[in-house]
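Undergrad: Sequence:
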Amino acid sequence: MSSREGAGSHGVENFRKQGNRTIVFRLSNPTTFAWKDCPAQKGRPMRKAQFAGFVLLVVAIAIPASMMGQTDQQKYGKTPDRTIQSNPSANNPTKGVDETDQTFMKDAAIGDLAEVQLGQMAQAKASNPAVKRFGERMIKDHSDASDKLKNIAESQHISLPYEVDAKHKDQAAALSRLSGPEFDKAYMQLMVQEHTKDVNTFKQEAANAHDNTIKQFAAATAPVLESHLTEAKQIEQQVGAK
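Residue numbering for the sequence shown follows the working numbering, beginning at 1 and increasing consecutively.
For the record, the hints were derived by calculation from the structure and aren't laboratory data.
One should not assume that every hint holds.
Said to hold, decoys possible - Mimicking DSS-like on lysine-lysine, the simulated pairs with C-alpha atoms at most 25 Å apart in a straight line are:
| hint | residue 1 | residue 2 |
| --- | --- | --- |
| 1 | Lys150 | Lys215 |
| 2 | Lys132 | Lys169 |
| 3 | Lys233 | Lys197 |
| 4 | Lys185 | Lys125 |
| 5 | Lys203 | Lys106 |
| 6 | Lys203 | Lys140 |
| 7 | Lys167 | Lys132 |
| 8 | Lys106 | Lys215 |
| 9 | Lys140 | Lys185 |
When you get a sec, could you build the whole thing from the sequences and use the hints?
TA: Below, the structure is given as structure tokens:
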């Protein structure tokens, strides 16, 4: 098959060799074509309506490809307006947990960890059965409180401490050097001091917390801490700490 183009007074002609016949395409104006030496179409111009249909077909094929490219760009190439952060209050200051409530939750988490740790120490070092039982109760009650607090923190996208702070580490280190009656006295004195502060803190949070879930947690936990304080004071007198 061969082809060539030429220009004459009648327009542009394309010559194509097909078998023993030569087909000539002549473009005399943008909308009329004449075919030469083609038995089936000799002398028949292509009508404007036919040409317009051909153009529409080409456009119809081209548009979906263009739209497909735009869709991919919108899906993968566009940068999001903003990135959602883990703390809900960073995106909407009217929602989430404020700084005061977050501080309470973190302090409460550290307190639970410390009480469990010291309760385990009391199980091993105490000589008075009442002190051992109190240590066992601390492990149970503060583990339960810790689990509830973790669930709240997870729902609020807040990270809680996973180890005690320096103050509680120092307290544990001091008690670890004691044993027997000396440990009993020092441990129960510390339990009275810590639970006195805890009861006041939880009551304040139950009254003033901004987040309702945290407020309910503080209100439900405060009576348990008061019970701990009452028992700690009784055992403190038994072991002669005062």
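Undergrad: For every hint, state whether the structure bears it out.
TA: These are the hints, each one checked on the structure:
no.: 1; hint: Lys150 with Lys215; result: 15 Å, holds
no.: 2; hint: Lys132 with Lys169; result: 21 Å, holds
no.: 3; hint: Lys233 with Lys197; result: 14 Å, holds
no.: 4; hint: Lys185 with Lys125; result: 12 Å, holds
no.: 5; hint: Lys203 with Lys106; result: 16 Å, holds
no.: 6; hint: Lys203 with Lys140; result: 21 Å, holds
no.: 7; hint: Lys167 with Lys132; result: 23 Å, holds
no.: 8; hint: Lys106 with Lys215; result: 14 Å, holds
no.: 9; hint: Lys140 with Lys185; result: 22 Å, holds
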